[in-house]
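Q: If you read the sequences in order, they're chains A and B. Position one of the first sequence corresponds to residue 24 (this note's numbering), numbered consecutively onward. Position one of the second sequence corresponds to residue 24 (this note's numbering), numbered consecutively onward.
Watch out, some of these pointers could steer you wrong.
Pairs involving identical chains hold if they fit within one copy or between any two copies, as the list cannot separate such chains.
As the list claims (entries may be wrong) - Simulated crosslink set (DSSO-like; lysine-lysine; CA at most 27 Å straight-line):
#1 K287 to K364
#2 K82 to K364
#3 K61 to K129
#4 K233 to K85
#5 K85 to K246
#6 K287 to K233
#7 K364 to K290
#8 K229 to K204
#9 K233 to K61
#10 K290 to K85
#11 K267 to K229
#12 K233 to K82
#13 K422 to K246
#14 K267 to K422
#15 K85 to K61
#16 K233 to K267
#17 K233 to K246
#18 K90 to K61
#19 K129 to K202
#20 K229 to K246
These are computed hints drawn from the structure, not numbers from a lab.
Here's the letter readout for the chains.
2 protein chains.
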Amino acid sequence: IENQNDVALQELLQEFHYADIAEILDEVDLEQAIYVIKLLDSETTSEILMEVDEDVREKILKQLSAKEIAEEIGELDTDDAADILAELSEERQEQVISQIEDLEHKAEIQELLAYDEDTAGGLMAKELVRVYEDWTVEQCITEIRTQAEDVKRVHSIYVVNNQDQLIGRLSLKDLVTAKSKQKITEIYISNVDSVYVNEDSEDVAKVMAKYDLEAIPVIDHNKILLGRITIDDIVDVIREEADKDYQMAAGISQDVEADDSILKLTKARLPWLLIGMFGGLGAASIIEQFNGSMGDFIVLLSFVPLIQATAGNVGVQSSAIMVQGLANGTIDGNILNQLFKEFLLGLVNGVAIACIALLVTHFVFGTPYIVSITIGIALISVIVMAALIGTFIPIFLDKRGIDPAVATGPFITTSNDVFGILIYFLIAKCILGF
Amino acid sequence: IENQNDVALQELLQEFHYADIAEILDEVDLEQAIYVIKLLDSETTSEILMEVDEDVREKILKQLSAKEIAEEIGELDTDDAADILAELSEERQEQVISQIEDLEHKAEIQELLAYDEDTAGGLMAKELVRVYEDWTVEQCITEIRTQAEDVKRVHSIYVVNNQDQLIGRLSLKDLVTAKSKQKITEIYISNVDSVYVNEDSEDVAKVMAKYDLEAIPVIDHNKILLGRITIDDIVDVIREEADKDYQMAAGISQDVEADDSILKLTKARLPWLLIGMFGGLGAASIIEQFNGSMGDFIVLLSFVPLIQATAGNVGVQSSAIMVQGLANGTIDGNILNQLFKEFLLGLVNGVAIACIALLVTHFVFGTPYIVSITIGIALISVIVMAALIGTFIPIFLDKRGIDPAVATGPFITTSNDVFGILIYFLIAKCILGF
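Looking at chain A on its own, in the form it has when it is part of the complex (with noise of 0.2 Å):
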């Protein structure tokens, strides 16, 4: 399609959404991407730069002039203009910012790029709609016909009073039906939810979660009516989130995906395997110590996977439970309760392991029962002390104000290897006295 036709082209992407554009600009190679960008107007490729990914937009940003990115960048509402600027070098801000001829959306985009992007600062955008509380219904609708020029989607409109603090909204569809003399301070509705400017961009999905709320207005701590933030920007920072737990569980340190470069996947994997190797290092090192002695128990070391295999997986499960309960706050506030709880829950479930382990053992592997009691008693113990540790390091980490999602995965795991294979060795040495 690409080479030779440009009215051709151009007709057919414009029967396409533009995140489908999007997509097809993410599998092409740079060049097409840029002559498709050059090609379209600017209304439509500000929103496809939007949905690329991101390594393709910063190749592309890289080939287009200053003043190219400001016409880009005054279609777009204030949010994204400021998440794609943030992007740039600042040399290169400077001069996009210097060319955008809106003077009006210039100074909101680089009132929006103070903000830390994980705020809900970061997340606002300016474009909203707000009424006086003493306008009619009348006045109300023309001024509202205006001011939605500039807002794509009208959620809510926004009550403020005449120094501009935040006193309540309104719905279109309370002013549909609502007689065309009556006065706004009559018909608005005075309870509001609001979120201050600098809250933790977690919490505000945490609050528009909870209220099902499909806009929330964003306030400074003088109730001055800032800007808002809308559920698309929300449900990105939901599948963020929980992108980045999950990877984080899976030993995945950076935002990486299948289709990145082996270099930066490596980047991402390998510091963790670091951390696995040392404590493989550690438990052969305790195996050492006790190698020389074990004498006739050498079947014991047959048995350490099993010790090790059922102490990460213990380890895993119950720091998840913890670092899901954390982020939900289901977690009933007494640590020693939970701690306790767990300590049931791995008492249940290793006398369930280790009765079956001693079975297998003795009658499969022909282990002496002595041998397989010990095997057993060190499971119960292992499960135990790793559903403990696996409770205590997210709800430690909580606390010191760390994201409690390091703990879960390699790290987790790893530390219960080490841990589970010397309670192993301790509890054999101390059952069967070599």
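Mind docking chain B on chain A? Use the hints.
A: Only chain B this time, still in chain A's reference frame:
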């Protein structure tokens, strides 16, 4: 607060949002919860019921008569009403349905109950605003005023022809800014995204996230408009899906929370521990096989945990990336390409890990060069193998129509443990010739 003053409590609770009251009810005991439910009017309590924990709701509903439940349900949107009914036994369902007074509401709920809960039909609500293409804007606004009484939030107005087939949409904004004598045909947008009623709910979530939609109409295969799905339901789908995948990866097979009972938690966790246990016993029997003939190379046993931990970690990393890639659709078609890439990645990571392990074992543990080299080669092989298994199994399951998320966590760790240890001893046997 509970025991005495009805009026004071009623007044106090009226100040709260229903989501906050639901949180309180999750905490207090059942008797108190039911007392609160009976105290408040059904408009509030129906919303509270939607927000409380599933377990709590089940218990509360058991204490209410069919007539009381029918009243609660009468206040809810059809989608929420159907969700609550779906949780009751069939007999109870019929009793409650027969008590619903509003016949239209009743018919709609019955229709929704017929759809599978994991499809678009299971998510949609019947409440929507529909206008016919031959109406005028003025007629439209009058009609919307009536229809909007049933609809909590008006997202889009759907335009249908006289056969009730969906032909387009009308945004409230366009309607407010249009002239009152214009015909709908002139101002509606014919480009409207929609989903079929039997489409999978995860696919609906993907479509809505991709196109940043806040509501999507649901149609049948004759394009008849059946209902609409709003983004707040999709937020729940995304969250549940992420939670499910996360728990699967951690080896938890049911949807459990930290505050569930020990029995429920054991049911969710024990099966995976059993898989891990049998894997461990499998590994033990492999070690037993080689144990007798190993002679001087008994030191190899010390490094079993190293091999096992590495195999497990690599497997989980690879499978997690595949599971996410498959979920987000970022995997570019070709399985062979993906396997080849993981092969290269495994080689790079493997060589890095093997070199470090070689140096540490030789200089710290003092193992002979030939043993250290054996361990190094085994590590590379095991890492490559684990990466390939971790990549292949999710793709394989996905092609078979099984959720690839089951392939992460204990499942992949256990199989990699066993294969890894087998490969380790086979390589050692070849090189060291015991």
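Q: Any of the earlier hints contradicted here, and which numbers?
A: The structure breaks hints 5, 8, 13, 19; every other hint is satisfied.
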